[in-house]
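Straight run, no breaks: the sequence shown in the working numbering ends on number 188.
Check the hints yourself; a few may be wrong.
[Said to hold, decoys possible] Across the chosen pairs, the derived CB separations fall in these ranges:
1) Leu168 <-> Phe27: 16 to 26 Å
2) Ile144 <-> Gly31: 19 to 29 Å
3) Ser142 <-> Ile175: 15 to 25 Å
4) Leu111 <-> Met84: 36 to 46 Å
5) Val88 <-> Gly132: 34 to 44 Å
6) Ser19 <-> Phe185: 53 to 63 Å
7) Ser47 <-> Asn122: 17 to 27 Å
8) Leu140 <-> Ser177: 15 to 25 Å
9) Ser142 <-> Val88: 23 to 33 Å
Calculated from the structure, these hints are not laboratory results.
Built from N, CA and C at the ideal position, the CB exists for glycine as well.
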Amino acid sequence: MPINLAYCHISSGDDLDLSAASVGVLFLLQGIVYTIFASMCGWIADSNGSYLNKPMALTGVFIISISFLVMGPSPIFSLTSESMQTTVLAVGLSLMGVGLAMAYVPTYPELIGAAFDNGMVNDLKTQGVAAGLSMALFSLGSFIGPIAGSSAYQLLGFAYSTSLASILCLFFGFIISIFYIWRTFSKT
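Using the sequences and the accompanying hints, generate a full structural model.
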């Protein structure tokens, strides 16, 4: 959904007055930031054990929420004038890249850890099941995201649809936080 909402807004391009090359650079920016931060998040997740994975993923979800508010820009804030729209969108897409890296990268080791905690053995079959489940859920989001994002864009406009996406991310982060806290205290 993050990329699709931005795509609807940027590719309609009339209100931003961007060339095709500028639109390409904006999309490239998010990919470059994601690549750099995904490498760092992977290194942190691998070198420090699993105790940083959950906080890193939660932080990523909250950064994604903030990026939606910035990208809109949300009607809640008056972040930009007409002349600053492209800059604010670039900052929002960069924040989105950071948040996606922090949210996605630690989920696979957590999925593997959950499989081991529930009695699955550490073998290639378990790794395959975890990878398949991870990609299936990612693909489901890639299917639902464009439908939900374009519907929200058509009904609410870009600023309100990104605000709605931000609220949904905050809600999701809140639910995950409650689950992590409950899980931590139920083990002791």
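Here's how the hints hold up against the structure:
For Leu168 and Phe27, the Cβ-Cβ distance of about 22 Å falls inside the hinted range of 16 to 26 Å, so the restraint holds. As the Cβ distance of Ile144 to Gly31 is approximately 21 Å, the hint placing it in 19 to 29 Å holds. Remark: the range hint 15 to 25 Å for Ser142 to Ile175 is upheld by a beta-carbon distance near 21 Å. Distance hint check for Leu111 and Met84: the Cβ-Cβ separation is about 40 Å, which falls inside the suggested range of 36 to 46 Å.
Roughly 39 Å separates the CB atoms of Val88 and Gly132, a value that falls within the hinted 34 to 44 Å. Between Ser19 and Phe185 the Cβ separation comes to about 54 Å, which falls inside the hinted range of 53 to 63 Å. Between Ser47 and Asn122, the C-beta spacing of about 19 Å keeps the proposed range 17 to 27 Å intact. Distance hint for Leu140 and Ser177: a CB-CB separation of about 23 Å, consistent with the stated range 15 to 25 Å.
For the pair Ser142 and Val88, the beta carbons lie near 26 Å from each other, so the given range of 23 to 33 Å is met.
When each numbered hint is compared with the structure, no violation occurs for any of them.
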